[in-house]
Every structure is written in structure tokens, then in C-alpha cells.
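K.L.:
Below are the chains, spelled out letter by letter.
2 protein chains.
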Amino acid sequence: METTAAFKPTARTRLRRRPARAAYDRTTVYAILDEALICHVGFSVDRQPYVIPTIHARVDDQLYMHGAAAGRMQRALGKGIPVCVTVTLLDGLVLARSAFHHSMNYRSVVVLGRAAAVTDPAERLAALEAIVEHVVPGRWSEVRVPNGKELRATAVLRLPLREVSAKIRTGPPIDHADDHALDVWAGVLPLQTIVGTPVIDPLLGPGIGIPASVRNYRR
Amino acid sequence: METTAAFKPTARTRLRRRPARAAYDRTTVYAILDEALICHVGFSVDRQPYVIPTIHARVDDQLYMHGAAAGRMQRALGKGIPVCVTVTLLDGLVLARSAFHHSMNYRSVVVLGRAAAVTDPAERLAALEAIVEHVVPGRWSEVRVPNGKELRATAVLRLPLREVSAKIRTGPPIDHADDHALDVWAGVLPLQTIVGTPVIDPLLGPGIGIPASVRNYRR
Numbered sequence: 526m527e528t529t530a531a532f533k534p535t536a537r538t539r540l541r542r543r544p545a546r547a548a549y550d551r552t553t554v555y556a557i558l559d560e561a562l563i564c565h566v567g568f569s570v571d572r573q574p575y576v577i578p579t580i581h582a583r584v585d586d587q588l589y590m591h592g593a594a595a596g597r598m599q600r601a602l603g604k605g606i607p608v609c610v611t612v613t614l615l616d617g618l619v620l621a622r623s624a625f626h627h628s629m630n631y632r633s634v635v636v637l638g639r640a641a642a643v644t645d646p647a648e649r650l651a652a653l654e655a656i657v658e659h660v661v662p663g664r665w666s667e668v669r670v671p672n673g674k675e676l677r678a679t680a681v682l683r684l685p686l687r688e689v690s691a692k693i694r695t696g697p698p699i700d701h702a703d704d705h706a707l708d709v710w711a712g713v714l715p716l717q718t719i720v721g722t723p724v725i726d727p728l729l730g731p732g733i734g735i736p737a738s739v740r741n742y743r744r
Numbered sequence: 526m527e528t529t530a531a532f533k534p535t536a537r538t539r540l541r542r543r544p545a546r547a548a549y550d551r552t553t554v555y556a557i558l559d560e561a562l563i564c565h566v567g568f569s570v571d572r573q574p575y576v577i578p579t580i581h582a583r584v585d586d587q588l589y590m591h592g593a594a595a596g597r598m599q600r601a602l603g604k605g606i607p608v609c610v611t612v613t614l615l616d617g618l619v620l621a622r623s624a625f626h627h628s629m630n631y632r633s634v635v636v637l638g639r640a641a642a643v644t645d646p647a648e649r650l651a652a653l654e655a656i657v658e659h660v661v662p663g664r665w666s667e668v669r670v671p672n673g674k675e676l677r678a679t680a681v682l683r684l685p686l687r688e689v690s691a692k693i694r695t696g697p698p699i700d701h702a703d704d705h706a707l708d709v710w711a712g713v714l715p716l717q718t719i720v721g722t723p724v725i726d727p728l729l730g731p732g733i734g735i736p737a738s739v740r741n742y743r744r
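One line per chain: the protein sequences are V and Z, in this order. Under this note's numbering, the residues of the first sequence are numbered 526 to 744, in order. Under this note's numbering, the residues of the second sequence are numbered 526 to 744, in order.
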């Protein structure tokens, strides 16, 4: 697959305001989806929208999500109702001289479509591997893989990447020219997600060292 | 207002799975809403859900959001359609001995209801102040406040905190007892959002130092 090909904007995904912040190419979209630890899934039940944070993973042009088979989201989405999945990475606080021009630097992706429950056992297992590897690369080969009971308790959803857009803001504040002479500091306060020192499970037996996947973890 | 009073769970906000992770008391809900830099707003237009990241601020039991008056979200929500606002704080990656019991430590809040466009000028200005102060405490008094044109270009939405729930996971992985003897490291990798060195606006004039709101910033 040519990863630099672009998603075709639709009336629903084309940015009408600030179109210069839009991106539709796969390289950009993939990078944002792959870096974000979680997504927010939006769907409606009885006309009430719900937005639920969950872990995702991308495999080519498929986005996978998982959850308890008994969960509200899995049951609703498995029926194929319309869904919106949004991921957001915050990169900085943009401090302008005027309150109005304060902003954030961010990268976000919005995916519209209909999810489907994954039933094929091989695809289900591959999706679960992708989800674990998405969060901690290298972890899948270190752990016990799911058994039959665990697999039955897990719902896996697939959302094809078809109607997709990214939105990105970077750079310094953009103040009105009249404000440039104000005696007000302006700039960007960068944000970063870091991992702290691993906290060992109190039940961990002796002599089990921290694996490379954890020791070298960074986002 | 007694901030420790609890929101009354409804059929839509009561956690059916893992009820021990639910919280409805105002102290917990307020703390999560106030710490999160952004929220994700869910609403439907023509039966398609949309989930949009945006900045919010809480004032007592009101949640305020703002945006361009011409934006899709502001126009849709200003009509009073059902909305879901979710904020999520990621606290750690939970690494179990089994793939199945991997998880995340997090704190999230879900607010259901109908938003309304704020029209009262004093409430609009107070909401914008709250939003700036929510992101960078102390910033409002440092900057130029919005003028009439800027206020007309800004939509402010108010969502009352009525139907609200929080969900929290903390602590170590919870592996099946049969797995405790596995030779697999288990524990939590804490996550933290930090701010880096301020990046000065290239257009900043000489002699303007970094203000206390920025110099001492931490989340």
C-alpha cells in the first residue's frame, strides 16, 4: 500500500474553517493514530451521544478497538451504527498577547464510519496483538497470550479508515499586528508525555528483571 | 455549595461493569475536569456522531466551552441538541503477566446533557476568563481582554453538570492467580504530562521577561 496516498475529503471531513490546518495524507494520519495511546469513540444510543476513551491500534487501513464483550460500547458498535473515533495529541500551550488568540498546538485525527465486530479468530488474535504492541512495543512476546475463555470475553471491533481527516496546529501565537507592541510575553509552552520509574507489582516474584520493552519505553 | 455532594447516577451514567471504579461525588468529578487540559465533545448531526477536542472550563456546576461562532460544533450545540463531554487523564500503563489483563490507569469524567449558547455579555466574558485561567492560571490578568469584534466571533456554550459520572482505575495489574508464578515482569509504567522550556514568540520585543504564570507552570 502506498502510504503517502491521501484520504479523499468528504463534505463531512473537509475542514471548512482554517483549511490550511487540514491534512488527509496517510503518512500524517497514520503517525497521529500510531502515537496516540488512546482514542475517544463517539456513538449514539437512543439519540444520546456517548464518548468513551479506549485503546486502539491501526493495522494498514483498519482501526481496531477492543473491550469487554458485555460492554455498552461493544454491543452498540458491533451492530454497525455510525461512529466517530477521534485521537488528539497535545503539543503545546500557545500564549498570545491577547486572550482571543490563545490556542493549543495539537495533532488530531477524526475517523467517521461504521464499525463491525470481528469474528474471525485469526483476525481477532492479530488485532489484540496489535493493540498490546501499540501501547508497549515488544510486549506481546513477553506475556501469556489470551486463552479461549479470555477471547470469548473480549469484543474486537474493526473500523475501516475511509472517511478520515487530520487537523494540525503548530508554531507560535498569531497575534493581531496592533498587539505586537504590547508589553506582554508571548510564546509556546511545549507539552510532552513522559513515563516515570516503573512501579513493580507487589506480587512480583524475586529475580524477574524489567524487560527491554519497559526499560527503554518512550512515546 | 457543598462540593462533596454526589451527582445522582442515572440509568445512563451508572457503571454497570466494574461499579467499584465509578465515582459520582463532586470533589472527584471537579478535580478531574479541572486537571484535564481538553475535553472531547460528542454530538450527532444527521445521525452521524462527531467527536471534537476542545478546551473547557468549569465554574461551579457549569461546564463552559468556546469556539468560533461559525464552527459546526458551536452551531449544532447552540441549538440544544444532546451532547456528551468526556475528559480523560492517563496515569499509567498497566502491564500484566497475561495479555488479557493489560490495562491503563486513568481518571475520566462523562457529562451528558444539552448545551446552550451563552448570550449574557457578563457571563460570556466570565466564561472566557475561566477558560484562559483553566489552561494557564494567572494568564487572564496579563493579556489584552477580548474586544467587541472578537467577542462577536466567539461562541460560548454552557453545559450544566447534572448527569455526570467519573471512572477511575488505579493500582497494580490484577492477574489471574494461576499466572502469578509466570516468569514475566508485571507492574505499572506511570505517565505524566510535563511542560518543556518556553519557546519565545519570534516577534516578541526585547526586554519582556517570562511571566510567573509561565515560569512556574505545572499541571
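Be careful, since some hints might not be right.
Mimicking DMTMM-like on lysine to aspartate or glutamate, the simulated pairs with C-alpha atoms at most 20 Å apart in a straight line are [claimed, not checked]:
#	chain 1	residue 1	chain 2	residue 2
1	Z	Lys604	V	Asp571
2	Z	Lys674	V	Asp571
3	V	Lys604	Z	Asp700
4	V	Lys674	Z	Asp700
5	Z	Lys674	V	Asp704
6	Z	Lys674	V	Asp700
Honestly, the hints are just simulated from the structure, not real lab data.
K.L.:
Could you run down the list of hints and mark each one as holding or not?
P.N.:
A quick look at each hint next to the structure:
no.	hint	verdict
1	Lys604/Z to Asp571/V	holds, 18 Å
2	Lys674/Z to Asp571/V	violated, 39 Å
3	Lys604/V to Asp700/Z	violated, 31 Å
4	Lys674/V to Asp700/Z	holds, 14 Å
5	Lys674/Z to Asp704/V	holds, 15 Å
6	Lys674/Z to Asp700/V	holds, 14 Å
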